[in-house]
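Using the hints provided, position chain U relative to the given structure of chain E.
These protein sequence lines are chains E and U, in that order.
Residue numbers are given in numbering that gives the first Met the number 0: position 69 of the first sequence equals residue 68, and the series is strictly consecutive.
Residue numbers are given in numbering that gives the first Met the number 0: position 28 of the second sequence equals residue 27, and the series is strictly consecutive.
In short, the hints are calculated from the structure, not lab data.
In this text the structure is predicted, and so the values were computed from the model without any measurement.
It is possible that part of the hints are untrue.
Unchecked claim - Straight line, CA to CA, 30 Å or less: simulated BS3-like cross-link-like pairs of lysine-lysine:
(1) U/29 - E/70
(2) U/267 - U/194
(3) E/102 - U/221
(4) E/102 - U/29
(5) U/267 - U/182
(6) E/50 - E/70
(7) U/221 - U/194
(8) U/267 - E/102
(9) U/182 - E/102
(10) E/47 - U/221
(11) U/223 - U/194
(12) U/194 - U/207
(13) U/267 - E/106
(14) U/207 - U/267
(15) U/267 - U/223
(16) U/267 - E/70
(17) E/50 - U/221
(18) U/207 - U/223
(19) U/221 - U/267
(20) U/194 - E/106
(21) U/207 - U/182
(22) E/70 - E/47
(23) U/207 - U/221
(24) U/182 - U/223
(25) U/221 - U/182
(26) U/221 - U/29
(27) E/102 - U/207
(28) U/194 - U/182
Said to hold, decoys possible - If you anchor each label on the Cβ, the simulated ranges turn out as follows:
(29) E/70 - U/215: 34 to 40 Å
(30) E/103 - U/106: 30 to 36 Å
(31) E/103 - U/41: 22 to 28 Å
(32) E/44 - U/6: 28 to 34 Å
(33) E/88 - U/156: 21 to 27 Å
(34) E/88 - U/24: 27 to 33 Å
(35) U/131 - E/15: 33 to 39 Å
(36) U/127 - E/15: 34 to 40 Å
(37) U/119 - E/15: 30 to 36 Å
(38) U/107 - E/39: 33 to 39 Å
(39) U/106 - E/15: 56 to 62 Å
Glycine included, each C-beta is placed from N, C-alpha and C at the ideal position.
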Amino acid sequence: MATDHLSTTLSALADPTRRGILARLALGEASVTELAEPYDMSLPAISKHLKVLETAGLISRTRDAQFRPCKLEAAPLREIADWLEFYRRHWEESLDRLGDYLKQLQKGSTDDSRS
Amino acid sequence: MAHETMTMTRTFHAPRAAVWAAWTEAEQLKAWWGPHHFSNAEVSVDLRVGGIQRIDMRGPDGASYPLASTYREIRAPERLVLLNRVMEDVTGNALFEVLTTVTFAEDRGRTTLTVVEEVMSAHEGAARHLAGMEAGMDQSLERLGAHLGSLVLAVPDDEPILWMARIFDAPRDLVWQALTDPKHAVHWWGQRAAKNVVFEMDSRPGGKWRVHQQYPDGQVFKFKGEVREVEAPHRIVQTFGMEDMFEDKVIVETVTLTDIGNGRTLYKVVSRFENFDDRAGMIMSGMSYGAQEMLNRLDEYVRTL
Numbered sequence: 000m001a002t003d004h005l006s007t008t009l010s011a012l013a014d015p016t017r018r019g020i021l022a023r024l025a026l027g028e029a030s031v032t033e034l035a036e037p038y039d040m041s042l043p044a045i046s047k048h049l050k051v052l053e054t055a056g057l058i059s060r061t062r063d064a065q066f067r068p069c070k071l072e073a074a075p076l077r078e079i080a081d082w083l084e085f086y087r088r089h090w091e092e093s094l095d096r097l098g099d100y101l102k103q104l105q106k107g108s109t110d111d112s113r114s
Numbered sequence: 000m001a002h003e004t005m006t007m008t009r010t011f012h013a014p015r016a017a018v019w020a021a022w023t024e025a026e027q028l029k030a031w032w033g034p035h036h037f038s039n040a041e042v043s044v045d046l047r048v049g050g051i052q053r054i055d056m057r058g059p060d061g062a063s064y065p066l067a068s069t070y071r072e073i074r075a076p077e078r079l080v081l082l083n084r085v086m087e088d089v090t091g092n093a094l095f096e097v098l099t100t101v102t103f104a105e106d107r108g109r110t111t112l113t114v115v116e117e118v119m120s121a122h123e124g125a126a127r128h129l130a131g132m133e134a135g136m137d138q139s140l141e142r143l144g145a146h147l148g149s150l151v152l153a154v155p156d157d158e159p160i161l162w163m164a165r166i167f168d169a170p171r172d173l174v175w176q177a178l179t180d181p182k183h184a185v186h187w188w189g190q191r192a193a194k195n196v197v198f199e200m201d202s203r204p205g206g207k208w209r210v211h212q213q214y215p216d217g218q219v220f221k222f223k224g225e226v227r228e229v230e231a232p233h234r235i236v237q238t239f240g241m242e243d244m245f246e247d248k249v250i251v252e253t254v255t256l257t258d259i260g261n262g263r264t265l266y267k268v269v270s271r272f273e274n275f276d277d278r279a280g281m282i283m284s285g286m287s288y289g290a291q292e293m294l295n296r297l298d299e300y301v302r303t304l
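Chain E with its partners taken away, still in its complex shape (with noise of 0.2 Å):
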């Protein structure tokens, strides 16, 4: 994956309303006006958030339907959780692995336990 496609959907999520609007399009399609709905905010404004959503490839908008809904792309949010997950994963286990090694070397039943 290249790591450009990666900061840009970072910045994209860092805002809040468009994370609510990614998860409100979760649940489903939804129109701008629709997406607008819950904020205190105009049409352009959400408009500007949806491009930036757009432009990171989190959501498309179809092309030829007359409210042109949009709809959620997840596939980049994978990504990342894949990423944060596999290095969570990675420690975690790791540890884990420390901790019986630790207890090996205590009982002396580990080949490397002098030095």
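Below, chain U alone, put in the same frame as chain E:
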């Protein structure tokens, strides 16, 4: 001082029922409650609304810190509210009162605990104890992690970091060796399923480390970093990165080892997402930014892709 509020969120690698039991069973509370070096002479639990939980905590010098708590709300296994009377004397007067709300949320075998402590009243002389309240709960939760056989994970809202803490039943020098000597580290570093086919580690300031992990399907992940600061045997700062993936995304890890007595060592790693900036942390703790249910559903949806 009154109505001061403190919130602490920690994730444990343990099922919710186990974490709930640790908070509500006397024998378990006795094992983990209180700061490092403290112990509990006696704990009793009467788990019903209006019932009393008593903990007779003892400091390292033997001083007694009695705590009497009334259960205000019990919603197993997700919510517990207690009114704590700290340092209650024989006449029933407490030095200060704290309302503690504990919520337990489970996600894929992990449990996230949120503890909110609200100071309801405080007498003269309580300030010293109140000042130590946050550190006390922090250390209690580290001990809870050890009790559950889990590490403790925290993703603060206000900094682009995450940290993990774990207590090892081994003296600090030994933990330090296992961490920094490649001959030892090769035996525990990384996922169990993978084999460390390349393992190089130079734990001196400016030294580099490099690990290639091969999975049974042949896939190789390449990890690398450099050591920035070393203060043997208690602190090391190093970077963590991956080759061919997220190439310029480097995590700076600060590992500290603390001797907490009885031959045990507290390991803590603070991972700072400098180049990710604060956003990585925000995504991970997205649940705490409101719209919790919607984000849960988003999360579920993402998983189905």
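Structure-based check of all given hints:
1. U/29 - E/70: Answer violated: residue 29 of chain U to residue 70 of chain E is near 52 Å, above 30 Å.
2. U/267 - U/194: Holds. Residue 267 of chain U to residue 194 of chain U sits at ~25 Å (cutoff 30 Å).
3. E/102 - U/221: Holds. Residue 102 of chain E to residue 221 of chain U sits at ~28 Å (cutoff 30 Å).
4. E/102 - U/29: holds, 24 Å
5. U/267 - U/182: Cα-Cα ~22 Å, so holds.
6. E/50 - E/70: Roughly 13 Å separates the two Cα atoms, so the pair holds.
7. U/221 - U/194: holds, 12 Å
8. U/267 - E/102: This hinted pair holds, its Cα atoms lying about 19 Å apart.
9. U/182 - E/102: holds, 16 Å
10. E/47 - U/221: Answer violated: residue 47 of chain E to residue 221 of chain U is near 39 Å, above 30 Å.
11. U/223 - U/194: holds, 16 Å
12. U/194 - U/207: Measuring from Cα to Cα gives roughly 20 Å; hence the hint holds.
13. U/267 - E/106: It holds: about 24 Å lies between the C-alpha atoms, which stays within 30 Å.
14. U/207 - U/267: holds, 21 Å
15. U/267 - U/223: holds, 20 Å
16. U/267 - E/70: Violated, at roughly 42 Å.
17. E/50 - U/221: violated, 36 Å
18. U/207 - U/223: Judged against 30 Å, a Cα distance of about 8 Å means the pair holds.
19. U/221 - U/267: Status holds; Cα separation ~24 Å.
20. U/194 - E/106: holds, 24 Å
21. U/207 - U/182: Between residue 207 of chain U and residue 182 of chain U the Cα gap is close to 15 Å, so the pair holds against 30 Å.
22. E/70 - E/47: holds, 16 Å
23. U/207 - U/221: holds, 14 Å
24. U/182 - U/223: With a Cα-Cα distance of about 17 Å, the restraint between residue 182 of chain U and residue 223 of chain U holds, given a limit of 30 Å.
25. U/221 - U/182: Cα-Cα ~19 Å, so holds.
26. U/221 - U/29: At roughly 44 Å apart (the allowed maximum being 30 Å), residue 29 of chain U and residue 221 of chain U break the hint.
27. E/102 - U/207: holds, 28 Å
28. U/194 - U/182: Answer holds: residue 194 of chain U to residue 182 of chain U is near 15 Å, not above 30 Å.
29. E/70 - U/215: 34 to 40 Å: holds, 37 Å
30. E/103 - U/106: 30 to 36 Å: Hint holds: Cβ distance 32 Å, inside 30 to 36 Å.
31. E/103 - U/41: 22 to 28 Å: At 36 Å between Cβs, range violated.
32. E/44 - U/6: 28 to 34 Å: Cβ of residue 44 of chain E to Cβ of residue 6 of chain U: about 32 Å, so the range 28 to 34 Å holds.
33. E/88 - U/156: 21 to 27 Å: The hint (21 to 27 Å, Cβ to Cβ) holds, given that residue 88 of chain E and residue 156 of chain U are roughly 22 Å apart.
34. E/88 - U/24: 27 to 33 Å: holds, 30 Å
35. U/131 - E/15: 33 to 39 Å: holds, 34 Å
36. U/127 - E/15: 34 to 40 Å: holds, 39 Å
37. U/119 - E/15: 30 to 36 Å: holds, 32 Å
38. U/107 - E/39: 33 to 39 Å: Roughly 36 Å apart at Cβ, these two residues keep to the hinted range, so it holds.
39. U/106 - E/15: 56 to 62 Å: Taking Cβ atoms as reference, residue 106 of chain U and residue 15 of chain E lie about 21 Å apart, which means the hint is violated.
Comparing the model with each earlier hint shows violations of hints 1, 10, 16, 17, 26, 31, 39; every other hint is respected.
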